[in-house]
Amino acid sequence: MVKLVQRIEDLRFQIGEYVATEIEKLGFTVQLDPSTGLEAFFKVYAGDSTAGEWHIYTEGWIFGAIIQFDDGQPNFFYNGDFGSDVWGHYTPPPSLTVPCVALERAEYTTLDERSALLEACTNAGVRDAVRVFLVATKDVSLAHTSVSDAIFAVDAAFNNWWTLKAAIKGGVTGGTLRVGQPIHTVSGWNNVGGFTWVYEEYQRKLFSDEAVPTHPHTGTSTPFRADYVVDTVGPDGKFSVPTDAQVWNSTAMAFENAGSGVEAASKVTYTFKFGNWHHGQAMTMDDIRWSMAEFFRIVQSTGDLNPESPSLAAAPGFEFVNDLFRGAKFYEGNDTVEVWFDFWNP
1 MVKLVQRIED
11 LRFQIGEYVA
21 TEIEKLGFTV
31 QLDPSTGLEA
41 FFKVYAGDST
51 AGEWHIYTEG
61 WIFGAIIQFD
71 DGQPNFFYNG
81 DFGSDVWGHY
91 TPPPSLTVPC
101 VALERAEYTT
111 LDERSALLEA
121 CTNAGVRDAV
131 RVFLVATKDV
141 SLAHTSVSDA
151 IFAVDAAFNN
161 WWTLKAAIKG
171 GVTGGTLRVG
181 QPIHTVSGWN
191 NVGGFTWVYE
201 EYQRKLFSDE
211 AVPTHPHTGT
221 STPFRADYVV
231 DTVGPDGKFS
241 VPTDAQVWNS
251 TAMAFENAGS
261 GVEAASKVTY
271 TFKFGNWHHG
281 QAMTMDDIRW
291 SMAEFFRIVQ
301 STGDLNPESP
311 SLAAAPGFEF
321 VNDLFRGAKF
331 YEGNDTVEVW
341 FDFWNP
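Just so you know, we're using my numbering here: the sequence shown kicks off at 1 and counts up by one.
There's no promise every hint is true.
Stated by the list, open to error - What follows is a set of in silico ranges between Cβ atoms, one per label pair, in the way DEER data are often shown:
#	residue 1	residue 2	range
1	D209	G171	23 to 31 Å
2	N191	F63	29 to 37 Å
3	D227	Q31	51 to 59 Å
Note that these hints are calculated values from the structure, not bench results.
All residues carry an ideal CB built from backbone N, CA and C; glycine is no exception.
Construct all of the structure, not just a fragment, from the sequences and the given hints.
Set out below in structure tokens:
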């Protein structure tokens, strides 16, 4: 018996029927489980993947940004996604994990080497991945004629970080903008384990700012809350990280000096553009420290928040930053942070 969770709101209902038909041609019996987005979320992503409640799910993804040289996609989809419980009983084979990790961490020096890694990820993914990609669609985004400056991203349409921040209704500041979306209030709304549902990202994007989001048309890193400068000596050289650069100590629950002998391939200098929070309180460098500390409290195995979200801590993107971070220096007077990573990308 193959149990298939079949989304009912869109074309994935028909996809579920198609997949069931093809599987039954092989001699299996398929039990369709028509489910709403909310029901499917808790069965597939937040349920016990070892309980046998489901075997196949008609999953769907939408882009939220275009990223130039987005090397993290194979590792995300084939090796951990956002830390969901899908991975509770499945460990990808080395033939898949090795090229995925190597690609994400830019372990190449030429475009030919990058292409070879992409090909290896694709071939191994078709054979052994937890996901099989079937259908690619182009969806339609609409805006009322009274709305202007709603930024349209090349790969994400209106589902991008800039759209609702820039949109103006009736040519004036203020007012009410009504946004239609299909499903809401699915994931938790909190910093530790929340906002994992795509349509709830609209809210998060509105009440939070990224320091350096990607450009909606080119995918390049674009200053917003921070200007940045990259210094690198990669792939063969190394910076000596200053001994007083700060790293997070989860046991002491505090930043401490990185110490001597720490090396990194690159340094990024961020100069922040602070303002006021929604309640009038001024932003400070302490807000940056708090945000960085929270990340490490989740991702480090000894972090106090790690038990609250162990799957998120194991997500490839979190592991990537944690493994390559070497230290940060905070400069109060000019709102600047220097961050060292043992990472280089050609």
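Checked hints:
1. D209 with G171: 23 to 31 Å: holds, 24 Å
2. N191 with F63: 29 to 37 Å: Violated - the Cβ-Cβ distance for N191 and F63, about 23 Å, lies outside 29 to 37 Å.
3. D227 with Q31: 51 to 59 Å: Cβ of D227 to Cβ of Q31: about 55 Å, so the range 51 to 59 Å holds.
When held up to the earlier numbered hints, the structure conflicts with hint 2 and nothing else.
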